[in-house]
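Colleague: The residues making up each chain are set out below.
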Amino acid sequence: MTATTARRLNAIGLIITVITVFCAIIWAFPLYWAVISSLKPEHEVVRPYIELWPETFTVSHYVFALTETEIGRWYVNSILTAIAVTVLTVSSSLFCGYAISQLNFPFRNVLWWLILASFMVPMQTLIVNHFELVAGLGLINTWSGIVLPQLIHPVIIIVYKQFFDGVPKDFREAAVMDNASEWRILTKVYIPMNWGVTTALSIVCFIWSWNSFLWPFLAVTKTDMMTITVGITQVNDAFGVYYARQLTAAVLAGLPVAMAYLIFQRRVTEAITLSAGIKG
Amino acid sequence: MMLRNRRNEALFALALVAPFVAIYGLVFVYPTIRLFMISLTDAPLIGDGNFVGFDNYARLPSDRRFGTAVWNTAYFVLITVVPGTLVAFAIALGVNRLAGRLQAAILALFFLPYILPVSVVYLLWDWTLNFQFGIAMYLFDMLGIARIPVFKSTAWFMPAVGIITIWWTAGFSILLFLAGLRTIPTEIYEAAALDNAGRWSTFRRITWPLMWPITALVLTIQLISQLKIFDQVYLFSVGGRPNDNVVLVYYVFQRAFQSDQGGRAAAVAVVLFVIVIVVSVLNFQLTRLSGGRDR
Chain A
1 MTATTARRLN AIGLIITVIT VFCAIIWAFP LYWAVISSLK PEHEVVRPYI ELWPETFTVS
61 HYVFALTETE IGRWYVNSIL TAIAVTVLTV SSSLFCGYAI SQLNFPFRNV LWWLILASFM
121 VPMQTLIVNH FELVAGLGLI NTWSGIVLPQ LIHPVIIIVY KQFFDGVPKD FREAAVMDNA
181 SEWRILTKVY IPMNWGVTTA LSIVCFIWSW NSFLWPFLAV TKTDMMTITV GITQVNDAFG
241 VYYARQLTAA VLAGLPVAMA YLIFQRRVTE AITLSAGIKG
Chain B
281 MMLRNRRNEA LFALALVAPF VAIYGLVFVY PTIRLFMISL TDAPLIGDGN FVGFDNYARL
341 PSDRRFGTAV WNTAYFVLIT VVPGTLVAFA IALGVNRLAG RLQAAILALF FLPYILPVSV
401 VYLLWDWTLN FQFGIAMYLF DMLGIARIPV FKSTAWFMPA VGIITIWWTA GFSILLFLAG
461 LRTIPTEIYE AAALDNAGRW STFRRITWPL MWPITALVLT IQLISQLKIF DQVYLFSVGG
521 RPNDNVVLVY YVFQRAFQSD QGGRAAAVAV VLFVIVIVVS VLNFQLTRLS GGRDR
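As given, the protein sequences belong to chains A and B, one line each in that order.
For the record, in the first sequence the residue sitting at position 254 is 254 according to our numbering, with numbers rising by one throughout.
To convert a position in the second sequence, counted from 1, into our numbering, add 280.
Just chain A, same shape as in the assembly:
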């Protein structure tokens, strides 16, 4: 212990710590700069020198964005599609991961290998065929069209299977002895046991979907059906060349996910390390 303490206290260590903190502040500065610029009146934003603090605070850009533009509508589109993606992906993956881990059924191994293999496939290469499929179903410019191709995240099944594999077999055997139905075993024993993983995976799935750009960008051509991540980059005339307004749009689009991260910090980092194949 004394060795560690001594090492921590020495001068080089202190310098490294100071450098780390300094770098962190520089690293996050563009975020601060965007937020602070969105709270300045436009004429202060374009002053030809650096002002780290607004002379006059104003929320007028926020009022403008929420009342005069389609941002409210885009928020609704983003929230609904992200919730749909999250619920459908997480539940179908949970069921599938549980079945592969705990139950015997024909073609179980084939299915598992297919899932592992699809983990490697770059979804971006399927855009042409996704478009063809979604257009064929008449779902371009609809919520379902935005949601559908986002429903495949093999990694969520892989994480679930690992977790269910870790549950001792006795649990299942004891429940079977008690004549509990399969559905009861799943919902009363296995799901509650893994609530933590489910919460964590749901939060990151929501964030992934909220942040997805390429597919929602292709699937929607009408401005009123855009998600917020697409809308704020596609509809410039809504904001004109007012920098403060554009930054306001950026802050509004980033706020929900940033808040989700700051509130559920531990869960988010847990889910992200899990999804990279490292077990917490």
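Simulated from the structure, these hints should not be mistaken for laboratory data.
From the three backbone atoms N, C-alpha and C, an ideal C-beta is built for every residue, glycine too.
Be a bit skeptical, because a hint or two may be false.
[Unchecked claim] Some chain B residues judged to face chain A by a derived CB distance under 8 Å, without partners named:
#1 F300
#2 L358
#3 V362
#4 S399
#5 F411
#6 L497
#7 L499
#8 L503
#9 L515
#10 A536
#11 G542
With the hints as your guide, set chain B onto chain A.
Modeller: Relative to the frame of chain A, chain B by itself:
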């Protein structure tokens, strides 16, 4: 009784996997088969075309924009993968020294960009590097460097987007490195300290070798995700020179959605598909080999 139980179990299992299998078939298996099929035709974006054999592939070597796309993708991988991994490793080492609330706060500052959508990252940096009013340009003025229209200049475009991408995605790699650093037992460091090992030799002989598996993982994840780059390049190119900045996915997008040539776009997509699969399989084999040697 036993037999009925087993049949029930199988039926229940099939009911559980059915939703996933249905989605998987519809939005994964079917599109993948279609991808390979239409790459052999002259199909437009929507609808069928005539079978043309391997014509779409045969044209690629002499297709100048495809050449640009391959080059730009490779260049982007080169300037982001290794530098991004090193930056993230250095930051993780710094953050790992801190403790408690300070560590959580500093980690959050480094991690926050990763959680943001690409469009926010785009608007943020487009503003920061704005030729007229960007804060970076004021810094350039102070340092006596001439202002650069970053996203309109071919030479600066890729490096700038590369640095922004490192800034945006480092948080993810930092998390993985931190998870790795936490698994190194403190006893090893204490023993090294007792042996009077210096800071540098401790790092070189303990931290670095023990962190190598995580480093390899981060490098692979970075390599695969940067091969698939599109979003940032597309966004920053708007109003600039998209044809000079084109990368593979961008080229697929241009062929399919701007030239209405689904077949030719699919051929380019297949090339990328194969590259990513080969890289993944190679990496899997390599880690298996080196893992076998270590044990």
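Colleague: Could you run down the list of hints and mark each one as holding or not?
Modeller: Taking the hints in turn, this is what the structure says about them:
Interface hint at F300/B: satisfied, since its Cβ lies 4 Å from the closest Cβ of chain A, which is below the 8 Å cut-off. For the restraint placing L358/B at the interface with chain A, the shortest Cβ-Cβ distance is roughly 19 Å, beyond the 8 Å limit, so the hint is violated. Because the closest C-beta pair between V362/B and chain A is about 18 Å apart, greater than 8 Å, the hint is violated. Look at S399/B: its Cβ gets to within about 5 Å of chain A, closer than 8 Å, so that hint holds up.
Of the supplied interface hints, the one on F411/B is violated, with its beta-carbon coming no nearer than about 12 Å to a beta-carbon of chain A, more than 8 Å. Interface restraint check: L497/B against chain A, minimum CB-CB distance 7 Å, threshold 8 Å, status holds. Because the beta carbon of L499/B sits about 12 Å from the nearest beta carbon in chain A, more than 8 Å, this interface hint is broken. Violation of the interface hint for L503/B is found here, the shortest Cβ-Cβ separation to chain A being roughly 12 Å, above the 8 Å cut-off.
For L515/B, the interface hint holds, since its Cβ comes within 8 Å of a Cβ in chain A; the closest pair sits about 6 Å apart. At its closest, the beta carbon of A536/B sits 5 Å from a beta carbon of chain A; the interface hint therefore holds under the 8 Å criterion. Interface restraint check: G542/B against chain A, minimum CB-CB distance 5 Å, threshold 8 Å, status holds.
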